[in-house]
Structure formats: C-alpha cells, structure tokens
Amino acid sequence: QNIRYPHAKLVLYRGATQAGCGLAQSATGPFYCPEDKKVYLDLEFFDELKNRFGAPGEFAQAYVIAHEYGHHVQDVIGTMQKVDAVMERNPSQRNALSVRLELQADCYAGVWGHSAQQRGELQQGEAEEALKAASSVGDDRLQRAAGRQVAPDTFTHGSSAQRMHWFQQGFSSGDMSQCDTFAAGSE
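Here the sequence shown is numbered in our numbering, starting from 1 and rising by one per residue.
The set of hints was computed from the structure by calculation and includes no laboratory data.
Mixed in with the good hints there might be a few duds.
Stated by the list, open to error - Derived CB-CB ranges, DEER-like:
1. Arg89 - Asp47: 37 to 43 Å
2. Ala16 - Phe182: 29 to 35 Å
3. Ser26 - Glu58: 20 to 26 Å
4. Ser115 - Gly78: 20 to 26 Å
Glycine is no exception: its CB is placed at the ideal position from the N, C-alpha and C atoms.
Taking the hints into account, I'd like the entire structure generated from these sequences.
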C-alpha cells in the first residue's frame with residue numbers, strides 16, 4: 001500500500017504517566033495508544049521481562065518495542081479501526097479478535113526483526129531472545145504463572161506457541177502480507 005507513515009512517539013516512564021488513553025501504570029505493561037499515536041513503555045516491565053519471565057537481552061526488549069510499533073502500523077493502515085467496528089457488532093468475538101490483532105503485531109515485530117537481520121544489526125542468538133520473550137508473555141504461560149487454570153476463551157494476546165509462530169512467520173518472511181492473522185487458522 002502507498003500510505004504515508006507518520007512516526008509514533010515513544011514515551012518512557014516508571015510507575016505511572018498520563019496517556020491519551022488514560023492513566024498508564026506499571027500493571028498495564030507496554031502499550032500503544034491510538035488516541036495520541038504514542039508507544040508507552042514502563043521501564044520496570046523490562047526488569048520483569050528479565051527477572052520474572054526469564055527473557056533477558058536487548059533483542060527481547062526490542063521485540064516488545066517492535067510489537068507495540070506493530071500496533072501503530074495497524075492503526076495507520078486501518079486494521080485497528082476495522083477490528084474495533086467488528087467488535088462493536090459482535091461483542092462475543094472481542095477476545096478472539098483481540099488475539100488476532102496481537103498476533104499480527106507479533107508478526108509485524110518479526111518483519112522488523114527480519115529487516116534488522118538483513119541490515120546486519122542482529123548478533124548470533126538474538127532472534128532466539130525474541131522468541132523466548134514472545135513465549136514468556138503468552139496468555140497460557142501468564143495464567144499458569146498466576147496460579148490460574150489456562151482458559152483459552154479468556155486469552156487477549158494468544159498462547160506462547162501462537163506468539164512464537166507469528167513472530168517467526170514475520171521474521172522468516174520479512175513480508176507484512178504474510179501477517180494476515182485474520183485469514184489464518186488458529187495457529
């Protein structure tokens with residue numbers, strides 16, 4: 001598509017900050033706010049990624065940032081708006097659509113990773129750091145870590161396997177057109 005890409009601003013914070021989407025707190029985790037076109041990153045999340053989820057490394061952090069910028073791309077090309085409209089008409093599909101949106105952002109992060117690799121910016125083993133990060137923040141793993149039963153109907157971001165699959169899809173192809181999680185099965 002021939003779309004002008006407006007850059008999203010990056011907001012780094014610790015604890016809490018005011019965002020266009022409301023108050024951002026540590027418990028929220030990293031997120032993209034379409035209202036103000038900004039990516040919000042609580043720096044404490046990266047400590048948690050390393051210590052609690054066992055996903056240290058700069059590329060694991062870069063994966064998280066690229067995932068959030070993936071949401072900005074979705075906003076720019078209209079995917080977010082289309083999904084929001086379908087959610088309004090079909091509230092029972094909200095979680096399933098949210099998962100598809102999140103998995104697409106994982107795939108877009110993989111496309112960015114592919115580009116970084118092509119530019120020689122990745123070192124040996126760094127792609128595995130991103131896969132480990134994707135796996136560590138899968139809904140199934142987070143639910144188990146919280147002592148809860150795994151309930152796929154409540155997923156909002158996808159399972160560890162799904163998140164790794166879609167990151168890898170983008171990373172190996174380097175092609176955004178390979179990131180259509182809405183047309184795909186439930187990988």
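Do the hints match the structure? See the list:
At about 40 Å, the CB distance of arginine 89 to aspartate 47 agrees with the hint of 37 to 43 Å. At about 34 Å, the CB distance of alanine 16 to phenylalanine 182 agrees with the hint of 29 to 35 Å. In this structure, serine 26 and glutamate 58 meet the distance hint of 20 to 26 Å, their C-beta atoms being roughly 21 Å apart. Between serine 115 and glycine 78 the beta carbons are some 22 Å apart, a value that agrees with the proposed interval 20 to 26 Å.
Hint compliance for this structure: no hint is broken.
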